[in-house]
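J.: Here is how the chains run, residue by residue.
Protein chains: 2
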Amino acid sequence: MEERISMVHGSGGAATSELIGSIFAKEFASTTLDKMEDSAVVEGAGKIAMTTDSFVVTPVSYPGGDIGRLCICGTVNDLLMRGAKPKYITCGFILQEGLEVSKLQEVVHSMAECAREAGVEIVAGDTKVVNGNGELYINTAGVGFVPEDREVSAERVCVGDAVIVSGNLGDHHAAILGTRMGIVNEIESDNAPLGEIVESLFAANIDVHTMRDITRGGLATVLKELAKTSNTTIELEEEKLPVTPQVKDFCGLLGLDPLYMGNEGKLVALVPVEEAEAAVAAIRGAKYGQDACIVGFVNDKAPGKLHLRTRIGGLRNLEILQGEGLPRIC
Amino acid sequence: MEERISMVHGSGGAATSELIGSIFAKEFASTTLDKMEDSAVVEGAGKIAMTTDSFVVTPVSYPGGDIGRLCICGTVNDLLMRGAKPKYITCGFILQEGLEVSKLQEVVHSMAECAREAGVEIVAGDTKVVNGNGELYINTAGVGFVPEDREVSAERVCVGDAVIVSGNLGDHHAAILGTRMGIVNEIESDNAPLGEIVESLFAANIDVHTMRDITRGGLATVLKELAKTSNTTIELEEEKLPVTPQVKDFCGLLGLDPLYMGNEGKLVALVPVEEAEAAVAAIRGAKYGQDACIVGFVNDKAPGKLHLRTRIGGLRNLEILQGEGLPRIC
Numbered sequence: 004m005e006e007r008i009s010m011v012h013g014s015g016g017a018a019t020s021e022l023i024g025s026i027f028a029k030e031f032a033s034t035t036l037d038k039m040e041d042s043a044v045v046e047g048a049g050k051i052a053m054t055t056d057s058f059v060v061t062p063v064s065y066p067g068g069d070i071g072r073l074c075i076c077g078t079v080n081d082l083l084m085r086g087a088k089p090k091y092i093t094c095g096f097i098l099q100e101g102l103e104v105s106k107l108q109e110v111v112h113s114m115a116e117c118a119r120e121a122g123v124e125i126v127a128g129d130t131k132v133v134n135g136n137g138e139l140y141i142n143t144a145g146v147g148f149v150p151e152d153r154e155v156s157a158e159r160v161c162v163g164d165a166v167i168v169s170g171n172l173g174d175h176h177a178a179i180l181g182t183r184m185g186i187v188n189e190i191e192s193d194n195a196p197l198g199e200i201v202e203s204l205f206a207a208n209i210d211v212h213t214m215r216d217i218t219r220g221g222l223a224t225v226l227k228e229l230a231k232t233s234n235t236t237i238e239l240e241e242e243k244l245p246v247t248p249q250v251k252d253f254c255g256l257l258g259l260d261p262l263y264m265g266n267e268g269k270l271v272a273l274v275p276v277e278e279a280e281a282a283v284a285a286i287r288g289a290k291y292g293q294d295a296c297i298v299g300f301v302n303d304k305a306p307g308k309l310h311l312r313t314r315i316g317g318l319r320n321l322e323i324l325q326g327e328g329l330p331r332i333c
Numbered sequence: 004m005e006e007r008i009s010m011v012h013g014s015g016g017a018a019t020s021e022l023i024g025s026i027f028a029k030e031f032a033s034t035t036l037d038k039m040e041d042s043a044v045v046e047g048a049g050k051i052a053m054t055t056d057s058f059v060v061t062p063v064s065y066p067g068g069d070i071g072r073l074c075i076c077g078t079v080n081d082l083l084m085r086g087a088k089p090k091y092i093t094c095g096f097i098l099q100e101g102l103e104v105s106k107l108q109e110v111v112h113s114m115a116e117c118a119r120e121a122g123v124e125i126v127a128g129d130t131k132v133v134n135g136n137g138e139l140y141i142n143t144a145g146v147g148f149v150p151e152d153r154e155v156s157a158e159r160v161c162v163g164d165a166v167i168v169s170g171n172l173g174d175h176h177a178a179i180l181g182t183r184m185g186i187v188n189e190i191e192s193d194n195a196p197l198g199e200i201v202e203s204l205f206a207a208n209i210d211v212h213t214m215r216d217i218t219r220g221g222l223a224t225v226l227k228e229l230a231k232t233s234n235t236t237i238e239l240e241e242e243k244l245p246v247t248p249q250v251k252d253f254c255g256l257l258g259l260d261p262l263y264m265g266n267e268g269k270l271v272a273l274v275p276v277e278e279a280e281a282a283v284a285a286i287r288g289a290k291y292g293q294d295a296c297i298v299g300f301v302n303d304k305a306p307g308k309l310h311l312r313t314r315i316g317g318l319r320n321l322e323i324l325q326g327e328g329l330p331r332i333c
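From first to last, the protein sequence lines are chains Y and G.
According to our numbering, the first sequence is numbered sequentially starting from 4.
According to our numbering, the second sequence is numbered sequentially starting from 4.
Please note that a few of the clues may not be correct.
Copies of the same chain look alike in the list, so a pair counts if it works inside one copy or between any two.
Derived pair list, reagent style DSSO-like, types lysine-lysine, alpha-carbon separation capped at 30 Å [stated by the list, open to error]: (1) Lys-38 / Lys-308; (2) Lys-38 / Lys-231; (3) Lys-88 / Lys-50; (4) Lys-304 / Lys-290; (5) Lys-290 / Lys-251; (6) Lys-251 / Lys-106; (7) Lys-38 / Lys-50; (8) Lys-304 / Lys-38; (9) Lys-50 / Lys-106.
Rather than coming from a laboratory, the hints here were simulated on the basis of the structure.
For clarity, every value in this text was computed on a predicted model and none was experimentally measured.
Extracted from the complex, chain Y is given alone in its bound form (with noise of 0.2 Å):
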């Protein structure tokens, strides 16, 4: 195998052969990957889930993660936010000429060892090869197995919810801004699966009204689309959101905003307020979730708004993410 991509490796024939030969089948290897057919067929359900994301993040690596683990943790999470059992990703590699396979390798490694923590098979994938400068985008798609009794959407959100966030915002963000501006410092990206946490939270018999995981946009985006949705208020109060110390200095230092900063390893879920302590002590107790705590509640006072009560007991109006936040954060 070469040492670096170039165009010959997208032509279906030999050269895009010996790539996956040597790259992704031993680290995808599965039963059904292997039998290279124009599709796999696998064991279905009565209920699926579907999703796709395209990861660009830049740079490929950065601390806590690189793209391999990041687009593995993005299909899974949006396939729980739906209550899904996450089970079969595919996934379409293009590459820019010029790509060193050893970068590659480590991806593909890295997505595969993630695959495992989260318990999803790869069983289908493609490589093209564009022109470019050896950078790396990775699309995955996932389907994920609904449990008949759960029942997760936006349309389920109604006054009287609690607002849970299963830990600290804006790591991510700051980990992938921290790197490109050659900021040392110890933050790291959240990116995470967080099957656990959702499963926590069902086998605790929580009636989990909606999940979302806090990606691009921030907590505020996501929260304020909920909002419209369910045509209810959403109450933040400033003072519970948790941020670290760490997080919150660099913040301060390039005048960013946590709220509207994308995480990879987070999720707010929306249940009802009687259930909230007991759904706060369920994601403790998983992996990822150990700073999990409630951080505001649905009520009825201006329906579509997403308000935010200040420290000093103000009240602020909360719209989605203007202008461009951080561009290839995921």
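Model the placement of chain G on the given structure of chain Y, informed by the hints.
T.: Relative to the frame of chain Y, chain G by itself:
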């Protein structure tokens, strides 16, 4: 909506919402997609087929189609090749800044139209924006349902099978290459969804052993891989290979071999020889199948080999595509 895509359209905030609302939502309108959840929850089945493909074809539009039609056909056809009934499609767009919004609109419209023709629903999507020069990549993943009584796989290929192609070879490849070279002729891409052909075969009770769509790498690459997997010998007859006079002329001019040229609306089916005539009749009666014919047979003379019986009676050994083929053909 602006005339060109910029990084802000990838923010996940207001500009992304505007892009989704004004371009994707109206073309892809569906009760599932409209809910804008993290993943789509849809009806499942006992056996499902899954596949993925990224599309990076250049130019984005060419005689007979565009990347929008291509990405639906490619994914639908991969599902069909396992005997599945294609149902759901996810799509991930990677847009380079500077892309003309009118071009995106045209492509998205073409996807929607082809999805309707193929009878599939687009249930989930994602958009990313990267730096660049206005190019456009699309990843599609698909899910289909496999009826319990269908067993279509490379492992079923056996001695005594006939090899049937559903139509003329090389059209897509010639159309893309001709467009790039500025050659004016009548050649159009064959990009088409093959559902009617596949269902006609099953409706005629043909015991289809295996099917492949003849894409990158061409018929020779597909059949060589099948010969290896099934440890049989596949023997093609050169004089039976269907190629239009226009493509034949084009190949003569440029020294191309239709056996290694990509198509996007053709399949090869291996069926028991005694059912071969009925299979050809079934395919010919279906949309996009009027030029179907038998092109070879499976024997046990040289396990793992693909042979071509030439017009003058010689026997040529064929390998999979070596070298580059045509970069960015799909």
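J.: Does the structure break any of the earlier hints, and which numbers would those be?
T.: 4, 6 and 9
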